[in-house]
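From just these sequences and the hints, can you work out the full model?
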Amino acid sequence: MFKKILVANRGEIAVRIIRACREMGIATVAVYSEPDKNALHAALADERICIGPASAVQSYLNMQNIISAALATHAEAIHPGYGFLSENSLFAALCVQNDIVFIGPESEVIDRMGNKDQARRLMISAGVPVIPGSGVVKDVTAAKKAAAKIGYPLLVKASAGGGGKGIRIVEREEDLEKSVVAACEEAKKAFGCGDVFLEKYLTSVRHVEVQILADQAGNVVCLGERDCSLQIGRQKVIEETPCPAIDESVRKKLWEAAVKAVKAAKYTNAGTVEFLLAPDGNFYFIEMNTRLQVEHRISEEVSGIDLVKWQIRIASQIELPFKQEDIRLHGASIECRINAAGGGKVSFLHIPGGTRVSFDTALVQNAEVTPFYDSMIGKLITAGNDREEAVRKMEAALCELVISGVPTNIEKQSEIIRSPEFHGAEYDTAWLQRKMKNEEIKNKN
Amino acid sequence: MSEFNIADLFRKPANQLEPGGVPRKPADDREQCPRCKQYFPRKRLEKNNRVCPSCGHHMSLSARRRLEAVCAVGSFSELFSDITARDFLNFPGYEEKLKKARDGSGENEGVICGTGIIGGVRCALFAMESAFMMGSMGAAVGERITRTFEYATVNRLPVVGFTASGGARMQEGIISLMQMAKISGAIQRHGEAGGFYLAILTHPTTGGVTASFAMLGDIIIAEPKALVGFAGKRVIEHTTKSKLAADFQTAEFVLKHGFLDAIVERKQLGDVIGRLLKQHTTEKKI
Chain H
1 MFKKILVANR
11 GEIAVRIIRA
21 CREMGIATVA
31 VYSEPDKNAL
41 HAALADERIC
51 IGPASAVQSY
61 LNMQNIISAA
71 LATHAEAIHP
81 GYGFLSENSL
91 FAALCVQNDI
101 VFIGPESEVI
111 DRMGNKDQAR
121 RLMISAGVPV
131 IPGSGVVKDV
141 TAAKKAAAKI
151 GYPLLVKASA
161 GGGGKGIRIV
171 EREEDLEKSV
181 VAACEEAKKA
191 FGCGDVFLEK
201 YLTSVRHVEV
211 QILADQAGNV
221 VCLGERDCSL
231 QIGRQKVIEE
241 TPCPAIDESV
251 RKKLWEAAVK
261 AVKAAKYTNA
271 GTVEFLLAPD
281 GNFYFIEMNT
291 RLQVEHRISE
301 EVSGIDLVKW
311 QIRIASQIEL
321 PFKQEDIRLH
331 GASIECRINA
341 AGGGKVSFLH
351 IPGGTRVSFD
361 TALVQNAEVT
371 PFYDSMIGKL
381 ITAGNDREEA
391 VRKMEAALCE
401 LVISGVPTNI
411 EKQSEIIRSP
421 EFHGAEYDTA
431 WLQRKMKNEE
441 IKNKN
Chain U
1001 MSEFNIADLF
1011 RKPANQLEPG
1021 GVPRKPADDR
1031 EQCPRCKQYF
1041 PRKRLEKNNR
1051 VCPSCGHHMS
1061 LSARRRLEAV
1071 CAVGSFSELF
1081 SDITARDFLN
1091 FPGYEEKLKK
1101 ARDGSGENEG
1111 VICGTGIIGG
1121 VRCALFAMES
1131 AFMMGSMGAA
1141 VGERITRTFE
1151 YATVNRLPVV
1161 GFTASGGARM
1171 QEGIISLMQM
1181 AKISGAIQRH
1191 GEAGGFYLAI
1201 LTHPTTGGVT
1211 ASFAMLGDII
1221 IAEPKALVGF
1231 AGKRVIEHTT
1241 KSKLAADFQT
1251 AEFVLKHGFL
1261 DAIVERKQLG
1271 DVIGRLLKQH
1281 TTEKKI
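So the protein sequences, as listed, match chains H and U. Be aware that the first sequence starts at 1, since it is given in this note's numbering, and climbs by one per residue. Be aware that the second sequence starts at 1001, since it is given in this note's numbering, and climbs by one per residue.
Check the hints yourself; a few may be wrong.
One-sided excerpt, in silico: chain U residues whose CB lies under 10 Å from chain H [to be verified]:
1. Asp1008
2. Pro1019
3. Pro1023
4. Phe1040
5. Ser1054
6. His1057
Derived pair list, reagent style DSSO-like, types lysine-lysine, alpha-carbon separation capped at 27 Å [claimed, not checked]:
7. Lys253/H <-> Lys263/H
8. Lys1233/U <-> Lys1278/U
9. Lys1043/U <-> Lys3/H
10. Lys37/H <-> Lys200/H
11. Lys3/H <-> Lys1037/U
12. Lys1037/U <-> Lys37/H
What the hints contain is simulated information worked out from the structure, not anything from laboratory work. All residues carry an ideal CB built from backbone N, CA and C; glycine is no exception.
In structure tokens form, the structure reads like this:
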């Protein structure tokens, strides 16, 4: 086992990882940017090193400084958390080059799954269902030919894409040329590669993802699926497990597809396979997240398996002691992401408690919420014997959570939880955005 | 959190390290680049010939490693290694210093001499060891270098010399200063016989070494940012009561003022030396 790990992240996830290390008897090194000097993650670690000014590019994305901090403190491994350098294959390779273990998959695997076109082709060859679409289209004529086969509406997507960049929805054939050219340009600017491909645009779909753990000996287990359809502008807002919209037969097929995907990618460590679930029960591979997810906690709640600890153990070459048949998922769990709607100083903080209610955060009394990083300041997580109990706990917990001094989305989350659509689990990926828009219009009038 | 530091409020859990997993081999030695302050595994630096992978700073390189880096594999053969310093002046503490230098550097003197092949050309070589009393020049160092030149003259070989020195070895008094003249004489005779001498100044090349054989190369090159000078910058400022340029005595400054022919990065050194040897060595000449 590693004696010391450097946590290359900040906020609640850095705290989450440091806590796991403290339980495992592993010494920790935190890295922090200048404004994060008094942050909880830095305080909780055994050692702390400043890696640069506020700008993430100069601090939390500064590979050389982070590697140097690990070498200076004799850390044996680096946990990247999520975001920042967690899916940067260059960073994973740099760790290996410097004799440091990167807690995550190998650099080549990150690369393989990061290229959407390559990942898609790999999935097709592995027999994992993908959204009907084309390979890279070389020009407008090729795009038109491929589009006729796929049918409208469709999406034009950048091969190297991410974060919603280089994506266009095309409703009619006459808009295709314009969209292909625009997506190409945008992709070139954002990713340095202008390759685009076409994909069937599915409507009324849900975003369902499967949590996987894979060790270096080739054992793969699936820890259930999460429904992450509640999104605003492609940002997830509320996640729940299990997905309330599928029956056992679809669930079984979904898990099997995810395991196939992971095996085809020769993936190791914790990962997530994302699918779009159509109303008819068909599902299609979208992409693989080669890292820990924000919403990993709800899978932990129902499986009783600590994903961060297993990430560390797998990186330390420990084999999974359980097989798929040993995995028992119990009850349901929900996560509400608590976001700051602006900066501020926490003047009063109250965190709800009780059984199976937790709030993962890096906030403490008097903590400053700065505008430099992601706006998510905490994750409220509840779990119960069934969905109903988990929802009731969430309703109560949201009302008890107090973060004074910082504007947040707590009340908005309550509204979603109370809506009949959420209660009835009748939502798709577009519902929340639509609801927000309707309310905006209503408020204006 | 100006009043108190929250880190002080937390206590360290007494949890024992979880068992299992493949134990990590002891962490490789790490070394900090003196310029950019980044840390690197020593193994990685060695692989890069001790040039900082981040900022390109040329860190000190042992004499033996230097010769290995430029010579064809296995071609270096050492000469005159039996000539070592003696404390003929009974200088206080010299014996202890010598012992410490020998233990610390793994070498028995401040210069390594011999022959080797670079770029297909056989040549005589010397490389000063800065880890041995700052590469200071005493009688043994002077004698080894002198004999290297004499050997090269007789055997019609070009000489490639790497300098790195704090100057004359004060523990040997006037004898150490005499080495300057002795080596210079040998270089003169080598040149008169048509022999080629390529001097490569590495960080730091100062004092009596600069004042003699370092500056007598037919071609003189230096590594980037190497300190090249006679007296130290502070001494000169104090004596002349004037402020010197910030880059005074850097290889770049010395080049600009005409005392060097070129600055060559370490990774290109082997190729450059090989090319120069080919251009300046013919059967007829030597």
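Now for the hints, and whether the structure bears them out:
1. Hint status for Asp1008/U relative to chain H: holds, with the closest Cβ pair at about 8 Å, below 10 Å.
2. Interface hint at Pro1019/U: satisfied, since its Cβ lies 7 Å from the closest Cβ of chain H, which is below the 10 Å cut-off.
3. Because the smallest distance between the Cβ of Pro1023/U and any Cβ of chain H comes to about 8 Å, under 10 Å, the interface hint for this residue holds.
4. About 7 Å separates the beta-carbon of Phe1040/U from the nearest beta-carbon of chain H, less than 10 Å, and the hint is met.
5. With a cut of 10 Å, the hint placing Ser1054/U at the interface with chain H holds, because the nearest CB-to-CB distance is about 6 Å.
6. Because the beta carbon of His1057/U sits about 14 Å from the nearest beta carbon in chain H, more than 10 Å, this interface hint is broken.
7. A hinted pair counts as satisfied when its Cα atoms are at most 27 Å apart, and Lys253/H with Lys263/H qualifies at roughly 15 Å.
8. For the hint pairing Lys1233/U with Lys1278/U, the CA-to-CA distance comes to about 37 Å; that exceeds 27 Å, so the pair is violated.
9. Simply put, Lys1043/U and Lys3/H have alpha-carbon atoms about 21 Å apart, close enough for the 27 Å limit, and the pair holds.
10. Between Lys37/H and Lys200/H, the direct Cα distance comes to roughly 47 Å. Violation of the 27 Å bound is thereby established for this hinted pair.
11. Distance check on the hinted pair: Lys3/H and Lys1037/U sit about 25 Å apart at the alpha-carbon level, within 27 Å; holds.
12. For the given pair, Lys1037/U sits about 21 Å from Lys37/H by alpha-carbon distance, which is consistent with the 27 Å threshold.
Going through the hint list in order, the structure does not satisfy hints 6, 8, 10.
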